[in-house]
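Take the sequences, apply the hints, and build the full model.
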Amino acid sequence: MSPAMVTAAREDPVWIDSGDETIFAMVTHPRGTPSETGVVLLPGGSWMPSTMRNRMYVDLARRIAAAGVTTVRIDYQGVGESTGETPFFDLTRPPSTDVAGATKLLQELGCRRIIAVGSCFGGRAALSVLSDHPSLVGLVMSASPVEDYPGESQSLGWHARKALSRETLRNLKDRYPKYVRIIRKKVARWLFPGRGSNGGSSTLSPDYVAYLQRIVDRGIPTLILHGSRDRHFLPFQRGIESPVGAKLMKSGVIQVEVRDGELHGELTIEAQRFASDRIERFVVDLIGDAMDLT
Amino acid sequence: MSSTSSRLRSDRSTRLDRNTGVEERVRFVGPGGQYVFAVSYTPLAGESRGGVIVSPSLLADRVRTYRAEVELARRLAADGFSVVRYDYRGFGHSDGVTGEATIESMVADLESVHREILSPIADMPLVQVGVRFGSVIAAAGAEKLGGDVVLWDPALNARSYLRESFRAHMIGRINHETSAETPLRQLEEKGEADVLGYTVSQQLVSSASSAPDVSTSVSSEPRRVLWVSFGDPLRQKEIDLVEGWRANGLDVETEVVDLDDLTWYIGARPIVGDEVVTRTARWLEGS
Numbered sequence: 000m001s002p003a004m005v006t007a008a009r010e011d012p013v014w015i016d017s018g019d020e021t022i023f024a025m026v027t028h029p030r031g032t033p034s035e036t037g038v039v040l041l042p043g044g045s046w047m048p049s050t051m052r053n054r055m056y057v058d059l060a061r062r063i064a065a066a067g068v069t070t071v072r073i074d075y076q077g078v079g080e081s082t083g084e085t086p087f088f089d090l091t092r093p094p095s096t097d098v099a100g101a102t103k104l105l106q107e108l109g110c111r112r113i114i115a116v117g118s119c120f121g122g123r124a125a126l127s128v129l130s131d132h133p134s135l136v137g138l139v140m141s142a143s144p145v146e147d148y149p150g151e152s153q154s155l156g157w158h159a160r161k162a163l164s165r166e167t168l169r170n171l172k173d174r175y176p177k178y179v180r181i182i183r184k185k186v187a188r189w190l191f192p193g194r195g196s197n198g199g200s201s202t203l204s205p206d207y208v209a210y211l212q213r214i215v216d217r218g219i220p221t222l223i224l225h226g227s228r229d230r231h232f233l234p235f236q237r238g239i240e241s242p243v244g245a246k247l248m249k250s251g252v253i254q255v256e257v258r259d260g261e262l263h264g265e266l267t268i269e270a271q272r273f274a275s276d277r278i279e280r281f282v283v284d285l286i287g288d289a290m291d292l293t
Numbered sequence: 000m001s002s003t004s005s006r007l008r009s010d011r012s013t014r015l016d017r018n019t020g021v022e023e024r025v026r027f028v029g030p031g032g033q034y035v036f037a038v039s040y041t042p043l044a045g046e047s048r049g050g051v052i053v054s055p056s057l058l059a060d061r062v063r064t065y066r067a068e069v070e071l072a073r074r075l076a077a078d079g080f081s082v083v084r085y086d087y088r089g090f091g092h093s094d095g096v097t098g099e100a101t102i103e104s105m106v107a108d109l110e111s112v113h114r115e116i117l118s119p120i121a122d123m124p125l126v127q128v129g130v131r132f133g134s135v136i137a138a139a140g141a142e143k144l145g146g147d148v149v150l151w152d153p154a155l156n157a158r159s160y161l162r163e164s165f166r167a168h169m170i171g172r173i174n175h176e177t178s179a180e181t182p183l184r185q186l187e188e189k190g191e192a193d194v195l196g197y198t199v200s201q202q203l204v205s206s207a208s209s210a211p212d213v214s215t216s217v218s219s220e221p222r223r224v225l226w227v228s229f230g231d232p233l234r235q236k237e238i239d240l241v242e243g244w245r246a247n248g249l250d251v252e253t254e255v256v257d258l259d260d261l262t263w264y265i266g267a268r269p270i271v272g273d274e275v276v277t278r279t280a281r282w283l284e285g286s
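Protein chains in written order, with numbering that gives the first Met the number 0: chain A, 0 to 293; chain B, 0 to 286.
By construction, these hints were calculated from the structure, which means they are not laboratory data. There could be a bad hint or two in this list.
Computed list of chain B residues with no C-beta within reach of chain A, every gap over 10 Å [stated by the list, open to error]:
hint: 1; residue: THR41
hint: 2; residue: ARG48
hint: 3; residue: ALA107
hint: 4; residue: MET169
hint: 5; residue: ARG222
hint: 6; residue: LYS236
hint: 7; residue: ARG245
Using 20 Å as the maximum straight-line C-alpha spacing, the simulated EDC-like pairs for lysine to aspartate or glutamate come out as follows [what the hints assert, rightly or not]:
hint: 8; chain 1: A; residue 1: LYS103; chain 2: A; residue 2: ASP16
hint: 9; chain 1: B; residue 1: LYS189; chain 2: A; residue 2: GLU269
hint: 10; chain 1: A; residue 1: LYS161; chain 2: A; residue 2: ASP89
hint: 11; chain 1: B; residue 1: LYS143; chain 2: B; residue 2: GLU110
hint: 12; chain 1: A; residue 1: LYS103; chain 2: B; residue 2: ASP10
hint: 13; chain 1: A; residue 1: LYS161; chain 2: A; residue 2: GLU146
Only a predicted model underlies this, so the values are computations on that prediction, with no experimental measurement involved. Positions of the beta carbon are idealized from the N, C-alpha and C atoms, including for glycine.
What follows is the structure in structure tokens.
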């Protein structure tokens, strides 16, 4: 723990209603006069609790609180302390009520401005659920996929081969609804190529492009972090070189930082430090900008 | 947590499950600056049948067992037990520095959770549940506080658990970028190692080397023991241990639950706890 961190003495555990379930949230209150900006920390999708690997989000929340900013971290439904069934994470079905519940809690605590931070699935959840949220002033997506499912930009033949693989067949029972959605989407795109256009990018999903376009149109500062060896990085890199991707990047609101090596899953302490340091700096810079404006 | 109670209504840290009649309260216990995160599950109707403390596992395999711990606590509370789960200082939501945690500090956390949450409720029979690494702490807790013991796929001692985590780290390097140096080399050079993205300190390793084995802690007085193995039948060494306990007058039951024993595998689903939870609950209900 760095000396600049606050401790659990400034934390409040809170239960939040989320649809039919109750999710767990931890509020970290800032030292001194709180800023009117709050941060929501969204974990990744591998059944990762709100602490994240090596309690990266606990330390990050306490660091950000030391800088005067309230944070809320949550366990998704069916994960950690929250109620509900253990989920299969699907980028096309973000945990909308969980994310909305966390942002509502920040607003109840007096935060008029919200910065959303998400790792992998959490970043995409923040993008899709909060892109139209009136209080959103900043977004961080760390190692988040740009395709809605692995291999989205691959051919139908590739998917047919994948469908008959041992792993797919073994998981068929559990993942059946997800596979059905993938097949429907792929066939629809094959039959009606113009529908759900991604603006000419072969690797960015149409949803990713649409939500990011809204963020860009609203001029919301966005930080995208990737690892050069992450499986999501190549599709991202190709995507931002496409006409639509280049246009989004040209807007000037998106900042990209790439770590040499892996970032996805924050599987090393070095990767965790990379992400935490950049997120903290991004938040502190945004708070500074907000103070300048007021 | 009086210092923070003014910021939010205190009832927001408590939820009532109307279907089961269980009150679930999240709180911090222990001295300020050294808070231990704890969740208590209290049946609201009737007298409590007993107290249960669940000591969690550590590092990467905690993610796989976390949910089963929560499901066990909810099920047992619905059956009339008062249950507490907690995070060791330096881990999870608790205070403290990961690098400063030791086996002794973890046992002290268990004791403070017992003192502040279970003791005030009533003088009641106690059960210590240890999940994988947590078996070492639960067994030490049983030695100090008494009670029956449930061991979920136990590490027989902290040393062997840490060795297993180092091996898992080296295997994990096949598919993922992990620290280039072996954990042992990192411990030697930096005083802490990156094990599949989790901090393991020399302090923890040193305290593990002198910590008592589960076999020693559990055998200190007559008690009931349930040993639940995930996936594999008990190995000869474990069978010998169980036989030794029985010879000492302990009432020991063993169960093997069919699970994919890929505890350390990154990205693996949480263990499906239904069967583990059901068998544990049935055993406890018989107590």
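Right, here's what the structure says about each hint:
{"no.": "1", "hint": "THR41", "result": "15 Å, holds"}
{"no.": "2", "hint": "ARG48", "result": "23 Å, holds"}
{"no.": "3", "hint": "ALA107", "result": "16 Å, holds"}
{"no.": "4", "hint": "MET169", "result": "14 Å, holds"}
{"no.": "5", "hint": "ARG222", "result": "30 Å, holds"}
{"no.": "6", "hint": "LYS236", "result": "31 Å, holds"}
{"no.": "7", "hint": "ARG245", "result": "36 Å, holds"}
{"no.": "8", "hint": "LYS103/A <-> ASP16/A", "result": "11 Å, holds"}
{"no.": "9", "hint": "LYS189/B <-> GLU269/A", "result": "14 Å, holds"}
{"no.": "10", "hint": "LYS161/A <-> ASP89/A", "result": "18 Å, holds"}
{"no.": "11", "hint": "LYS143/B <-> GLU110/B", "result": "9 Å, holds"}
{"no.": "12", "hint": "LYS103/A <-> ASP10/B", "result": "17 Å, holds"}
{"no.": "13", "hint": "LYS161/A <-> GLU146/A", "result": "16 Å, holds"}
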